[in-house]
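> Sequence:
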Amino acid sequence: MKAVVAIAAALAAVANAIATPAKTEGAVTKRATGSLPTVTVKGNAFYAGEDRFYIRGIDYQPGGSSDAADPLSDRQTCDRDIQKFKELGVNTVRIYTVDNSKSHDYCMNALAQAGIYLALDVNSPDYSINRDDPATSYNDAYLQSVFATIDAFADYDNTLLFFSGNEVINADNNTDCAPYIKATTRDMKQYIGSMGYRQIPVGYSAADVESNRFEMAEYMNCGTDDQRSDFFAFNDYSWCDPSSYSQSGWDQKVEQYSSYSIPLFLSEYGCITNKRQFQEVATLYSSQMTSVYSGGLVYEYSEEGSGYGLVTINGNSAPVEKSDFKALMQAFSETKSPAGAGGAKPNGSPSQCPKRSKTWEVTDFQGADLPSIPTAAQKYMSKGAGKAPGLNGPGSQNAGGTSTGTAKAGSGQVSPSGSSAANSLLRPDKSFKPLGACGTAVFLSILLGAALF
26 MKAVVAIAAA
36 LAAVANAIAT
46 PAKTEGAVTK
56 RATGSLPTVT
66 VKGNAFYAGE
76 DRFYIRGIDY
86 QPGGSSDAAD
96 PLSDRQTCDR
106 DIQKFKELGV
116 NTVRIYTVDN
126 SKSHDYCMNA
136 LAQAGIYLAL
146 DVNSPDYSIN
156 RDDPATSYND
166 AYLQSVFATI
176 DAFADYDNTL
186 LFFSGNEVIN
196 ADNNTDCAPY
206 IKATTRDMKQ
216 YIGSMGYRQI
226 PVGYSAADVE
236 SNRFEMAEYM
246 NCGTDDQRSD
256 FFAFNDYSWC
266 DPSSYSQSGW
276 DQKVEQYSSY
286 SIPLFLSEYG
296 CITNKRQFQE
306 VATLYSSQMT
316 SVYSGGLVYE
326 YSEEGSGYGL
336 VTINGNSAPV
346 EKSDFKALMQ
356 AFSETKSPAG
366 AGGAKPNGSP
376 SQCPKRSKTW
386 EVTDFQGADL
396 PSIPTAAQKY
406 MSKGAGKAPG
416 LNGPGSQNAG
426 GTSTGTAKAG
436 SGQVSPSGSS
446 AANSLLRPDK
456 SFKPLGACGT
466 AVFLSILLGA
476 ALF
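For the sequence shown, this note's numbering gives the first residue as 26, with consecutive numbering after it.
Honestly, the hints are just simulated from the structure, not real lab data.
A quick note: this is a predicted structure, and the numbers were derived from the prediction, not measured.
Backbone N, C-alpha and C define an ideal beta-carbon position, used for all residues, glycine too.
Don't take every hint at face value.
[Stated by the list, open to error] Listed next, the in silico BS3-like pairs over lysine-lysine satisfying Cα-Cα at most 27 Å (straight line):
hint, residue 1, residue 2
1, Lys-127, Lys-109
2, Lys-109, Lys-433
3, Lys-278, Lys-361
4, Lys-278, Lys-380
5, Lys-67, Lys-278
6, Lys-351, Lys-300
7, Lys-300, Lys-361
8, Lys-412, Lys-127
9, Lys-347, Lys-361
10, Lys-433, Lys-380
11, Lys-347, Lys-111
12, Lys-351, Lys-67
13, Lys-351, Lys-111
14, Lys-433, Lys-383
15, Lys-67, Lys-433
16, Lys-361, Lys-109
17, Lys-300, Lys-109
18, Lys-361, Lys-67
[To be verified] If you anchor each label on the Cβ, the simulated ranges turn out as follows:
hint, residue 1, residue 2, range
19, Gln-277, Asp-197, 16 to 22 Å
20, Gln-138, Ser-283, 22 to 28 Å
21, Glu-192, Ser-271, 25 to 31 Å
Could you put the whole structure together from the sequences, leaning on the hints where they help?
As structure tokens, this is what we get:
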């Protein structure tokens, strides 16, 4: 009996210690606002709580690909740009590169207060899959950086989703990258589960390549649940104003993806062949498309020399709006999403893995087979990613520690006897809410019952 009392007392002390974590000097609480519900996947749609969630967003990377900087670690940048996001009426921003070694508390809370979610690419220029040598670049150093990025953003309620890759496949002759993209997706999902994080959706952003885009969509949705993406996105610049649902070919894509069973959205859109009026916004969020599509992201916020920018940035002074800024703002303000579920399907079947063809040259791994996780990366599933390399790390593309085998379907499942529960207890949760009397009683009874046998 004394042992039981001692265990109960110890557990009560642990509960009190967890309920009041030590405060860090000058830290900003990650979940302080509580203003946004987390977004989940149900069938082929996203949901914020019980409400259908449509992505109304923009792609955001000041400096572009030539300047791999992290806009979410700079307060002045966030203060400058979030106000413009609010004016546009967006609910999501996509960021292609962040520094996973820096704090993002201030900017993520500022985004949450503005009602804005983050769609985040986990790769950076030096830590990514190399389409010219995917087998070598899929290694433990790469995955350590990917997992460190997940660690940096998983506790924010307004982290909407993670992209496991962006436009890695951009031609018919490099579709052999597909198994490594899918293996990374599998590993990310397993890491999220193993660390006890909430189920943040993980998926891929495909290039605007008509010849193999649908095969890639099928591939990312075939196999067992641990292998399948939580969503699929692709870039689409086929609607060039003035245009229409049928003239752009969007009607054919809705038909093509009509039975697709996971959320689908546009990761980039906004053709600049003619003056942009963003007529496609009204169609994208209409009942013609919402049974299949969950919105999209306009490319792009700041002008980076390609003509797609909505604003011009000059230091920390107020951004200068271009004409299509107001066009997009007006399009969003005049377009409401359909009521209710918008035709979304709550259930669906996985896709069939595509067969080899002249536009789908995947030869090393057939069907649901994928590269096994590199041996040196397996430890991250139980011990965590550790110190993040940031944007100044040595890079991973030739770092060694590659995959040495083939993983069968189901290899990415999180083991019930694994470390997920322990990690969720040991990892400080800055929004921790003490257990109620009932919850405490159940928790103690389970542990005490186990101790008595």
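> All hints, please: hold or fail.
Hint by hint, here is what the structure shows:
no. : hint                            : in the structure
1   : Lys-127 <-> Lys-109             : holds, 24 Å
2   : Lys-109 <-> Lys-433             : violated, 47 Å
3   : Lys-278 <-> Lys-361             : holds, 22 Å
4   : Lys-278 <-> Lys-380             : holds, 20 Å
5   : Lys-67 <-> Lys-278              : holds, 21 Å
6   : Lys-351 <-> Lys-300             : holds, 13 Å
7   : Lys-300 <-> Lys-361             : holds, 23 Å
8   : Lys-412 <-> Lys-127             : holds, 11 Å
9   : Lys-347 <-> Lys-361             : holds, 24 Å
10  : Lys-433 <-> Lys-380             : holds, 18 Å
11  : Lys-347 <-> Lys-111             : holds, 16 Å
12  : Lys-351 <-> Lys-67              : violated, 34 Å
13  : Lys-351 <-> Lys-111             : holds, 13 Å
14  : Lys-433 <-> Lys-383             : holds, 26 Å
15  : Lys-67 <-> Lys-433              : holds, 26 Å
16  : Lys-361 <-> Lys-109             : holds, 20 Å
17  : Lys-300 <-> Lys-109             : holds, 21 Å
18  : Lys-361 <-> Lys-67              : holds, 21 Å
19  : Gln-277 <-> Asp-197: 16 to 22 Å : holds, 20 Å
20  : Gln-138 <-> Ser-283: 22 to 28 Å : violated, 38 Å
21  : Glu-192 <-> Ser-271: 25 to 31 Å : holds, 27 Å
Checked against the numbered hints above, the structure violates hints 2, 12, 20; every other hint is satisfied.
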